[in-house]
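J.: If you want the building blocks of each chain, they are given just below.
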Amino acid sequence: MAMDFLTALHVSASGLSAQRVRVNLAASNLANAESTRGPDGQVYRRLDPVLEAVPFDAELAGATSAAGPTLGVKVAKIVADQSAGRRVYSPSHPDADPQGFVTLPNVNPVHEVVNLLTAQRGYDANATAVEAVKTMAQRALDI
Amino acid sequence: MDGIRGIELSKIPERTQPASTEPAGSGSFSEALGQALGATEKLQLSADSESEKLALGGGNLHEVTLALEKADIAMRVAVRVRNKLVDAYQEIMRMSV
Amino acid sequence: MKLFDKTLTTLERSLDARLLRQNLLAGNLANVDTPGFVPRELDFEAAMARSQAQDALPAALPAASASTGAGEISVAGTGIPSLPSLPSLTDLGALSGARPGSGALSPIVTAQGAGAGLDGNAVDLDRTLASIAENTIQYGASAKAAGKKLAILRYVASDGAA
Chain A
64 MAMDFLTALH
74 VSASGLSAQR
84 VRVNLAASNL
94 ANAESTRGPD
104 GQVYRRLDPV
114 LEAVPFDAEL
124 AGATSAAGPT
134 LGVKVAKIVA
144 DQSAGRRVYS
154 PSHPDADPQG
164 FVTLPNVNPV
174 HEVVNLLTAQ
184 RGYDANATAV
194 EAVKTMAQRA
204 LDI
Chain B
653 MDGIRGIELS
663 KIPERTQPAS
673 TEPAGSGSFS
683 EALGQALGAT
693 EKLQLSADSE
703 SEKLALGGGN
713 LHEVTLALEK
723 ADIAMRVAVR
733 VRNKLVDAYQ
743 EIMRMSV
Chain C
94 MKLFDKTLTT
104 LERSLDARLL
114 RQNLLAGNLA
124 NVDTPGFVPR
134 ELDFEAAMAR
144 SQAQDALPAA
154 LPAASASTGA
164 GEISVAGTGI
174 PSLPSLPSLT
184 DLGALSGARP
194 GSGALSPIVT
204 AQGAGAGLDG
214 NAVDLDRTLA
224 SIAENTIQYG
234 ASAKAAGKKL
244 AILRYVASDG
254 AA
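Chains as they are written, first to last, in the numbering used here: chain A, 64 to 206; chain B, 653 to 749; chain C, 94 to 255.
Bound-form chain A, shown alone:
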């Protein structure tokens, strides 16, 4: 059962990583709220992480505990939001289309800030879980 302390730490670490990814993506979206050119030459599209619950014990111990696998989290992939961006009439813009419209990214700054805040909350929660496991381990060592 000693493995279970490590399991709890790995699970919380996966949570911390996932939240950090969310923060990074929200920051990227905010920074590129006005970028008419993305890395592929098209207008920038906001990025979203896809979070997936994954069993952890199987990786670590090779045998699941009697209660079933502990579930951590993993960023399965990062998808670009395909919803249409705003179109603004600006014929003098270098990226204007033949009709004179420029397509701006589909980033809503308010939405991104909310994501940032929830990611921060999630990060704090997982950090608390890590502290709790550390405390428990120290108590166990004091037996």
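Just so you know, the hints here were simulated from the structure itself, not pulled from any lab data.
Each hint should be verified, as a subset may be incorrect.
[What the hints assert, rightly or not] Computed footprint of chain B on chain C; a stretch qualifies when at least three of its residues, placed anywhere within it, have a C-beta under 8 Å from a C-beta of chain B:
#1 94-108
#2 226-238
[Said to hold, decoys possible] Each computed DSS-like pair below joins lysine-lysine, with the alpha-carbon atoms no more than 27 Å apart:
#3 C/Lys237 / B/Lys694
#4 C/Lys95 / B/Lys705
#5 B/Lys705 / A/Lys197
#6 B/Lys694 / C/Lys99
#7 C/Lys237 / B/Lys705
#8 C/Lys95 / B/Lys694
#9 B/Lys722 / C/Lys95
#10 C/Lys237 / A/Lys197
#11 B/Lys705 / B/Lys722
#12 C/Lys237 / B/Lys722
#13 A/Lys197 / A/Lys137
#14 B/Lys705 / B/Lys694
#15 C/Lys99 / C/Lys237
#16 C/Lys99 / B/Lys705
#17 B/Lys722 / B/Lys694
#18 C/Lys99 / B/Lys722
#19 B/Lys736 / B/Lys722
Ideal Cβ positions, reconstructed from N, Cα and C, are used throughout, including at glycine.
Keeping the supplied structure of chain A fixed, place chains B and C upon it in accordance with the hints.
T.: Relative to chain A, chains B and C alone:
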């Protein structure tokens, strides 16, 4: 509006002084020893039952800690007393009559 | 010579259960933003009662028959991959030197319907954090109780020298 009622002191559990282990007038040594050991045993058992309650999910945190400390101290006293008794016995046996 | 009594075994089991609960709660927190995730919780009193009841069974019964029926995990969320099949409890007993009765612990999925978010995630962050705090304290208490019992035994065994 009704007046504010004070918190009933009856909600706080009574703690009574445990009965003294010294016998009222009987001077029998083995009785005194038996009683002391009995008291120690009782404290061990009460510590055990509090620990069980805690382990099963219920129990009162400070009850458990207090019971354990009392059991620990009582056991230490009992062992010390035993050691002294053994020393005293050996002292007596060494006396040449 | 039987040195360690039933109470110590119960305390050991409670430590196992507390750690398992911690893992489940940590898993819930890690998945606080996973769409469709259903949080899992261990009913501690029930799990302990079940593992204590196992003591009453005759030793001839294999451990696997005691409780796996009740231990099925039903997962209702959509975002969770299918769980790998679990090894039988007798295998686990050999693998981990499990204490008798510790195989009876199994989580219960709580469908916290009222708190489910728009994306189907039902993790109640505040309640989970409170549960983690409570669990940590109780774990420490059980560990301390076990340590104290062993200290008393150690004192007696070393004839009052330690």
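J.: Per the coverage rule (Cβ-Cβ under 8 Å, at least three residues), is the region 94-108 of chain C covered by chain B?
T.: Result for this restraint: holds, n = 6.
J.: Is the Cα-Cα distance between C/Lys99 and B/Lys722 27 Å or less?
T.: Holds - the C-alpha atoms of B/Lys722 and C/Lys99 are around 20 Å apart, at most 27 Å.
J.: Given the proposed pairing of B/Lys694 with C/Lys99, does the C-alpha separation stay at or below 27 Å?
T.: Measuring from Cα to Cα gives roughly 17 Å; hence the hint holds.
J.: Verify the proposed pairing of C/Lys237 with A/Lys197, using a straight-line Cα cut of 27 Å.
T.: Roughly 16 Å between the alpha carbons, so the hint for C/Lys237 and A/Lys197 holds.
J.: Would you mind confirming whether the straight-line C-alpha gap from C/Lys99 to C/Lys237 stays at or under 27 Å?
T.: holds, 17 Å
J.: Straight-line Cα separation of A/Lys197 and A/Lys137 no greater than 27 Å?
T.: holds, 23 Å
J.: Under the criterion that the straight-line Cα-Cα distance not exceed 27 Å, is the pair B/Lys705, B/Lys694 satisfied?
T.: Given that 27 Å is the threshold and the Cα spacing comes to 17 Å, the pair holds.
J.: Given the hint that B/Lys736 pairs with B/Lys722, does the C-alpha gap stay at or below 27 Å?
T.: With a Cα-Cα distance of about 21 Å, the restraint between B/Lys736 and B/Lys722 holds, given a limit of 27 Å.
J.: Would you check the hint for B/Lys705 and A/Lys197, treating anything up to 27 Å between C-alpha atoms as holding?
T.: With Cα atoms ~25 Å apart, B/Lys705 and A/Lys197 stay inside 27 Å; holds.
J.: Are the Cα atoms of C/Lys95 and B/Lys694 separated by 27 Å or less?
T.: Holds. C/Lys95 to B/Lys694 sits at ~20 Å (cutoff 27 Å).
J.: Given the hinted pair C/Lys237 and B/Lys694, is their Cα-Cα distance within 27 Å?
T.: holds, 20 Å
J.: Next pair to validate is B/Lys722 with C/Lys95; report whether the Cα-Cα distance is within 27 Å.
T.: This hinted pair holds, its Cα atoms lying about 24 Å apart.
Every hint, counting from the list given before, is met by this structure.
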